[in-house]
Amino acid sequence: MPTTQPPGPVPSGESPLSGEPLPAHEPLLSVEDLHLSIAGRDRAGAERTVHALDGVSLRLAPGEALGLVGESGSGKTMTALSVLGLLPPGARVTSGRVLLEGTDLAAAPDQVLRRIRGEAVGVVFQDPLSSLNPTMTIGAQVAEPLLLHRGVSRAEARERAVETLRLVGLGQPGERMRNYPHQLSGGMRQRVAIAMALVCEPKLLIADEPTTALDVTTQHQILELIGELRERLGMALILVSHDLGVIARRVDRVAVMYAGKVAEQAPVARLFTSPRHRYTQALFDALPERAAGTSRPLATIPGLPPSLTRRPAGCRFAPRCAYATDVCRTEEPAPRPADDEGVHTYACFHPADPAARPAAPGEARPAEDAPASPGTDADVLLDLDDVRREYPLHSSPFTRRRDRRLVSAVAGVSLTVRRGETFGIVGESGCGKSTLGRLAVGMEKPTGGSVRFEGDDLATLDRAHLRAHRRRVQLMFQDSYAAMDPRMRVGAILREPLVVQGVGDRAAQEERVRGLLDEVGLERGAVHRYPHEFSGGQRQRLGLARALALAPSLVVADEPVSALDVSVQAQILNLMRDLQREKGLSYLFISHDLAVVRYLADRVGVMYLGSLVETGPAAEVFARPLHPYTRGLLETADSAVVDSAGETAVDGAPEAGPAEGAGPLAGETPSAADPPSGCRFRTRCPLATELCATTPPEPTAPAGEGHLVRCHFPLVPVAGSAG
Amino acid sequence: MTAEAATPTTPQPAAGEPADDDGMDATPGLARRTLAVFARNRLALLGACLLAALLAFCFLGPLVHPTDQVHTDLDQASLAPGEAGHLLGTTDLGYDMLGRLMHGGQTSLEVGLAAGLLATLFGTVYGAVAGYFGGWVDAVLMRVTDAALAIPALFLLVVVAAMVTPSKPVLILVIASVAWLSPARLIRGEALALRSRDYVHAMRLMGGGGGRAVFRHIVPNAVGTMIVNATFQIADAILYVAYLSFLGLSIPPPAADWGSMLSSGITYTQVGYWWLIFPPGLAIVLVVAAFNFIGDGLRDAFDVRLQKN
Amino acid sequence: MTRFLLKRTGQALVVLFLVSLIVFVLLHQLPGGPARAILGPKATPEAIAHFNHLQGYDRSLPVQYGMYLKRLVTGDLGESYKLNQPVFALLTERLPKTLLLTGLSVVLAALLAIPLGILQAVRRGRLSDYVLTGAAFVAYATPVFFLGLVLILGFAQQWPLFPAEAPQAESVGGILAEPAGLVLPVVTMALGIIAMFSRYMRSAVLDNLGEDYVRTARSKGQSQVRVLARHVLRNALIPLAGLLGLYLPTLFSGTLVVESMFNYPGMGLLFWNAAQSNDFPVLLGVTLVVGVATVLGSLLTDLAYAVLDPRIRSVS
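Residue numbers (my numbering), protein chains in the order written: chain A, 1 to 723; chain B, 1 to 309; chain C, 1 to 316.
This is chain A alone, in the form it adopts within the complex (with noise of 0.2 Å):
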């Protein structure tokens, strides 16, 4: 393959596109040898050079999906962007060729990259809401890219942009053009997006991490809507994520990149049951729905990505890989066919062995690694009772009191969580799950309902007993770097707990700050360190040793590795199982994620709109939900376990039958500031009556002791069916 070549003739005036079909086998796109480089500079000013991509190369025929996969800085979002050669600024390719169609896009002027844009490539990007001009109604947005290409009059413009905008599904397009993005909610905004790239009906879509910024529901929908879409066009995709679930139904093929280099391509079902490189082999085994229900401690991938400043010597995961040897760390290695058809290729010195399966989940059980018995209910630590937590919406001297409207974010949530336990709460962005966690650890009063920590209601603790209670429960945030002060040195930031507790003397306090980072891994001497200094997990390390600090019984953790990538994800979320069976704590774990309240948690309890609607053991509640919404958002989450068939597993799904008032969720969530009379999830329920709109449901435990949920029509398995 050549590196350099002179960039393709273009044709003046007409359209390198518009020539005659191409045949079949030829690829729409491909990548040759990109090389690309960013030049910028560094916190101190000092100029460097990050090469971002290094001989990259794919190729994509007609129609085809293909994900591109990998962890932050791993050139996924570089590669499908240059594309479009919409690089951030003082990014350049070096070398290289990318040809769409025959023309090379990357030494392409930039006309004839403005005519490609939008017309026969489409882009949708990650965050709706800033990808929108915000003063600009999104009918003008979407119906502009066919002023730019189509040269069409205002009015067909319009007709084709309500069109587009009621193909993406959205409700009453003709009178959403006018609205501005503001008014749409989260996932309407991203189908105006997708309107708005499909408008002219490209041959190829670039969908760069799509669903990142949506909810769980929402991103179900979207990409949903993305995989109809593109079988009704015929167009090519592109889908860029790090999500592996994300990327498991939706392509045809993958390639999973590290470090700015392809590090294997495979068909979809290939990649998923038989990686050949050690980092994909080691990617799926770091994901929690691997180990979940197994108390087996995730597999890890000690260390970070290298820093793309220097060109790495030798193989570029070899510094992280456990079967590296000499020649990894010295020779580069060039991509090799897995088999005879060469449609998946790999580079990597020690293959994976394809014959020698990695342990399914539930085999191979330590007896060590015996689940953590949680204690009786003797052994409650925190009770939380009937707790409300009401905010004012727009208060102001103007507004009289009777008209004040409030915004309820918890409404009425029981919870206890037991000495040794881990209890997950799950459920999507706004539905006070944050809040459950400040009320918890008292960051927050309740407006109604009490908190109890081993019997003491804080509300009645008087200010010496309540900064004495402060030692038994902590908050791990889910951004350490901002809950520590940009000023402090690590050392003075870990003691700064004991300090204001007055825990034993100076030397005595730096005795337990070592003795803390020993405990989560961390060097000595990073007490003479800046918390800018460190990487999100080790920040995320340092938030979890200050908030041990005072040997908690308790600690809350507030969603704290949804910032980190899959395996420093693991490696935290390993070391914060281990500090739990040595030292008996109990967590109250926090998160959006399914896969990783299933890793961790004993017990969980799924919040919709302010209240618990399911509580139970997590096996139980996981396997055989009971409300709707959990059922939902189980069979919506998804998953990237797929068996040899290519279809996915549906891994995270109930076993039982496929019960009435199943399946994805549709609509979305509304707001807390009015929400539905009776039952909060009525609007979206498959199963709603009259009763679900005037009747509050209590909780009620159809399927035995422990296991309870509000809802009038519980999914009680049908008898004799369920196993």
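A portion of the hints provided could be inaccurate.
Said to hold, decoys possible - Sample of chain B residues lacking proximity to chain A, with all beta carbon distances greater than 10 Å (derived):
#, residue
1, D92
2, I227
3, Y273
To be verified - One side only, chain A facing chain B, incomplete, derived with CB under 10 Å:
#, residue
4, P267
5, V327
6, R329
7, Y391
8, Q478
9, M484
10, L498
11, G543
Hints listed in this document are in silico derivations from the structure and should not be mistaken for laboratory results.
Note that the Cβ used here is the ideal one computed from N, Cα and C, for glycine as well.
Let chain A serve as the given structure and place chains B and C on it in line with the hints.
Here is chains B and C on its own, set in the frame of chain A:
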């Protein structure tokens, strides 16, 4: 899974995650890094050099070039630059222009520095109180600053200056009494924002009190904003001195400052005594620009050390 | 929108009330009090006591403030003891002229600063950007009166293109009839505003160019010019309205200097003359009116901002 494969699954210490490659030695303190970033900003360095030069000129210059700035000498009045050994000529009252520039600069710089610092200090305390307590305290304190800010500063200054007999300390107080408003508003916003930072929440959850929040977290994090603002305040105060003098509300002669020098020069524009106008005017421009450059550089320097990567 | 309108107007009313309070307090801080201010420096103590009694100045402060407000509402701002005219009449004559000067300067500044700022943003880091940035810094640091002097020296004396004195006509129309006389005052005022606005535009355009929506616009195949014109410009210009509101006090301060330099018959000149002769009724009257004008002006710009920005406009 093979026995060999089990190795990587043991949790590894994060040894493989060094953020930098210089080991785990103590990193230089924030002050040193701030200085390093400041020094890399060429305009800021230029500003600092300019300021040093102007200070030396005004305060050390008279030692090299002593002149009589008290007694008038009408024999030597209005000499053009170079005449009779007067490098920059003389004023209408016969003062040596170069010497007067040094003399006037002392007043401008002293009053500007003192008024700027005083205004920042008072404004900071006022804004911090409003921002930290919030609620009604904040509403009342801030409406007062809003109202005072609504009256254009120069009008307010002139009214206040017209009520008093100007002297150096009085001038400092008068200018500070108007100039504290904008730092008050700025610091109040900063205090409001810092109060709700996660690291303050985290500290409260450890059982720490309001005192620790203010002195350990809020104040140290607001210091950068305060210092940057003080620099701009000084620049503004120097301008205010000049404006007041220009409007005839300054310390009476034989004292002088750059503004009053300009003001007296204006009478002679018709006859083309340009040396009465350009030296003091340019001096004001230089010193104000120098402070602005320094402020800009400091802002970058303080920003940088908080950035995430 | 309605909520925003009401809230903003309510705030403006509170601020207006406080402005009047500040002026009232200043009135009482006068050497010798209001009596001295009104009767003049030569009044005898008996006359002052008599005056104070007549005017109610011997009553409690809140009562006095109530009386002061009552007089304000009827337009009674006292009488200038130098010009022997009611302050209110003087102000109604002078205010429109000051507004004319300010308005012309702002329009001129906006016409120049907006394209300059865009140019700087587009050519960021090139020579033209550096030169313009340097010029803006210098303009920032230059006192208005020094700039005015330089312009007079240059364009009224060295090259006598324009008169050094502003038109002295009685009416606004008369002033407009002598455009040559307006050139120097308007340019002097405008240069500072240009420095400020172009700095703002440069950073606003740069910020917007870095936004995701610009990438989206480019992904549709738009050219740089079209992206700037259709997408960036509007988003960068809307906050400029709000900025103008914040800048109003500085603008009015500028008129004080420019009017006294060019002998322009506006409120600033009236104020300056009053300051020279300790004519306190005029000083405080002008201060009050300028304060009120600033409050109303920033209210207007805020409302304009709300109308222009759909994010505020459509919030019910």
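Checked hints:
no., hint, in the structure
1, D92, "50 Å, holds"
2, I227, "14 Å, holds"
3, Y273, "47 Å, holds"
4, P267, "24 Å, violated"
5, V327, "17 Å, violated"
6, R329, "14 Å, violated"
7, Y391, "14 Å, violated"
8, Q478, "9 Å, holds"
9, M484, "6 Å, holds"
10, L498, "9 Å, holds"
11, G543, "9 Å, holds"
In summary, the structure is inconsistent with hints 4, 5, 6, 7 from the numbered list given earlier, while agreeing with the others.
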